[in-house]
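A.B. asks: So the chains spell out like this:
6 protein chains.
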Amino acid sequence: MFAVEVSDHIMIAHSFRGEVFGPAQKLHGATFAVSAAFLADKLDDNGIVVDIGRAFEVLKAVLAPLNYRNLDDLPEFRGVNTTTEFLTLHVFNGLAAAVRAGKMGRDGREIAAIRVTIGESPTARAWYEAPLW
Amino acid sequence: MFAVEVSDHIMIAHSFRGEVFGPAQKLHGATFAVSAAFLADKLDDNGIVVDIGRAFEVLKAVLAPLNYRNLDDLPEFRGVNTTTEFLTLHVFNGLAAAVRAGKMGRDGREIAAIRVTIGESPTARAWYEAPLW
Amino acid sequence: MFAVEVSDHIMIAHSFRGEVFGPAQKLHGATFAVSAAFLADKLDDNGIVVDIGRAFEVLKAVLAPLNYRNLDDLPEFRGVNTTTEFLTLHVFNGLAAAVRAGKMGRDGREIAAIRVTIGESPTARAWYEAPLW
Amino acid sequence: MFAVEVSDHIMIAHSFRGEVFGPAQKLHGATFAVSAAFLADKLDDNGIVVDIGRAFEVLKAVLAPLNYRNLDDLPEFRGVNTTTEFLTLHVFNGLAAAVRAGKMGRDGREIAAIRVTIGESPTARAWYEAPLW
Amino acid sequence: MFAVEVSDHIMIAHSFRGEVFGPAQKLHGATFAVSAAFLADKLDDNGIVVDIGRAFEVLKAVLAPLNYRNLDDLPEFRGVNTTTEFLTLHVFNGLAAAVRAGKMGRDGREIAAIRVTIGESPTARAWYEAPLW
Amino acid sequence: MFAVEVSDHIMIAHSFRGEVFGPAQKLHGATFAVSAAFLADKLDDNGIVVDIGRAFEVLKAVLAPLNYRNLDDLPEFRGVNTTTEFLTLHVFNGLAAAVRAGKMGRDGREIAAIRVTIGESPTARAWYEAPLW
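Chains as they are written, first to last, in the numbering used here: chain U, 589 to 721; chain W, 589 to 721; chain C, 589 to 721; chain R, 589 to 721; chain X, 589 to 721; chain V, 589 to 721.
Simulated from the structure, these hints should not be mistaken for lab results.
Keep in mind that the hints are not guaranteed to be accurate.
Any copy will do: because identical chains look the same in the list, a pair fits if it lies in one copy or spans two.
[As the list claims (entries may be wrong)] Lysine-lysine pairs mimicking DSBU-like chemistry, simulated, CA-CA at most 35 Å apart: (1) K648 x K614; (2) K691 x K614; (3) K614 x K630.
Let's have the full structure, built from the sequences with the hints guiding it.
C.D. replies: The structure is reproduced here in structure tokens:
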């Protein structure tokens, strides 16, 4: 299996509900270093998994509505904890929709899976990986 | 599959037996950068894989008996080479016991697997990953 | 000149006033990776610049009031932009006070200077360095 | 599954054919940070996956013909785009041949798979992983 | 002294003349990770050293003519070895001109110095630092 | 001022004497990531600070007697604590001798200073910088 991974980052505020979160129940924030990996069984005729330029653009487009925002204010996140894990799935869903819509410069059916990794600090990160079809 | 990974480090001395180890047969040492990833199919009601605070504590507790020690002196490691690979399994076993004992703030059955990664230098690392059930 | 540097991190929310900040005028947040370097002309009798254990503790104590907070809510930061640059000076002042009060396990006069570096993202950081005497 | 991974790097020039590559159609270059991971179900009697010294040597031997070269000039790469993805497979093939020839200090049959990761910049990398048998 | 540093990268081809360069006399290439630090004695009224958005733009503008190019082909580099050291000075000159022309969102006289750091591989980098006035 | 910096690493065991060291009084160890920076006012006729190949060799030669050793056993370190700070000076002295002996491929008088940085863990490092003449 081949993979190509591109990285970007966002800076957000948010708070969590639930005693398990301790001091993170208060409004705080994070720099999220976000990596998006696209997996495929075969390279295309150009010798690539996906057009890396488009991969950067698609990732940036998925992240843009979150960047420099308080995630507690976004209607789409009402009633959920925007944990790092939760956001890996959120970004995955945005990327998966782009792949399925053929926005990666290749027949989406040829992309087997996506893995999204989000680093929240030098000592903690989360990832989500799933097949697309 | 979701994963959450936390990191810590230890500073230890040890030596190896076997010609394959060359100069590492002499007493030397290492800073081991240790990452513990917990994998789960679903997030819990709080939107997390495990309580990250407990993950840090459990990892620290597993590493504490090794930190600032000469591993050659520890009875539990008598007769084995405490290679980086060997230690990934040792740490895995400690974390797995904690998960099975319900110490991660979630029914241990909901944690599918653990991956332990240990970096020994800027150019070498090892990992061990296995399902828990 | 010798230096010893220890690192920690905090996760905060804040917003900025001033058109120069563009989208960062909205409430957002950051993971700040904070490094504190203590500089000295000579090592002490133990062969160290400062007690590294105390250095970690002092840095943590200076950062604690900021961690998991919305900096806009802290009275001490009223009317100022808590930029990364500004915070390097804030942390410097806290560390300098500790050194002058003799909390680093060595006569404060023997510590010549402090440098505080704060990374806000994979592509941006700031630092502040100044002599102590 | 256990893994041991060693890393090295090369500095090469190359160009790509195909509109998808945009400005990278011109002759340019890259520092490729190359990591080779060897995976095995069990450790050997020494407590290792492979002899790490040999792993470094084998990786260096596979990379040597590429290092400080214009890949467009190499006969073996005639007519192909030497993308980062393509090179992960090229390095994999070289490492797999070494494992199968028993050059890793262990019966090659005991090495289950290899993963090659190549970082091309701070924000992009690729990998290839496949079983050996 | 305060500093703010922003980072970007370029991918270039080049070759060197002189026996000291050994295999690097052949056409090869590099990913250069370039960091530009702006130093000032005081923060401005917004609490910043420079407008970080402009800093990213100015750095990108200085690097653009080099990115995805064979530096041997650029007239401005005729007859010189475009070593990492040489390029730190080249980038410094471009940034210094921008500061002096007032393009950083602040009176250029308030920027005391610039430091340019270029990483060429995981094990080698160069930097150049000089006062501006 | 120009600088070129090369990096290598060693894996050692040692122990410290003095209550200030707490658990590090016991025999333990470290992976030391060692960077050596050579500073010069001007580039030479080849456009370099020093021959980077020689810089790697000289650094390796200085580190070799320490690598894979218990520093407590080395006669040259009898009665001293081989702290990270102490070792920055030790490496500096070895490099300085090489520069003064003209081993860097350039008149040693043209190298103004050396900075040695040693990382002992992901959260702690030390450095020593001094002029050579």
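A.B. asks: Taking the hints in turn, state whether each one holds.
C.D. replies: We went through each hint and held it up to the structure:
1. In this assembly of identical chains, the alpha carbons of K648 and K614 lie at most 35 Å apart whether taken from the same copy (28 Å) or from different copies (19 Å).
2. When the C-alpha separation of K691 and K614 is checked against a cutoff of 35 Å, the pair qualifies only between copies, where the shortest distance is 25 Å, while the shortest distance within a copy is 38 Å.
3. For the homomeric pair K614 and K630, the shortest alpha-carbon distance between copies (25 Å) is at most 35 Å, but the shortest distance inside one copy (46 Å) is not.
Hint compliance for this structure: every hint is met.
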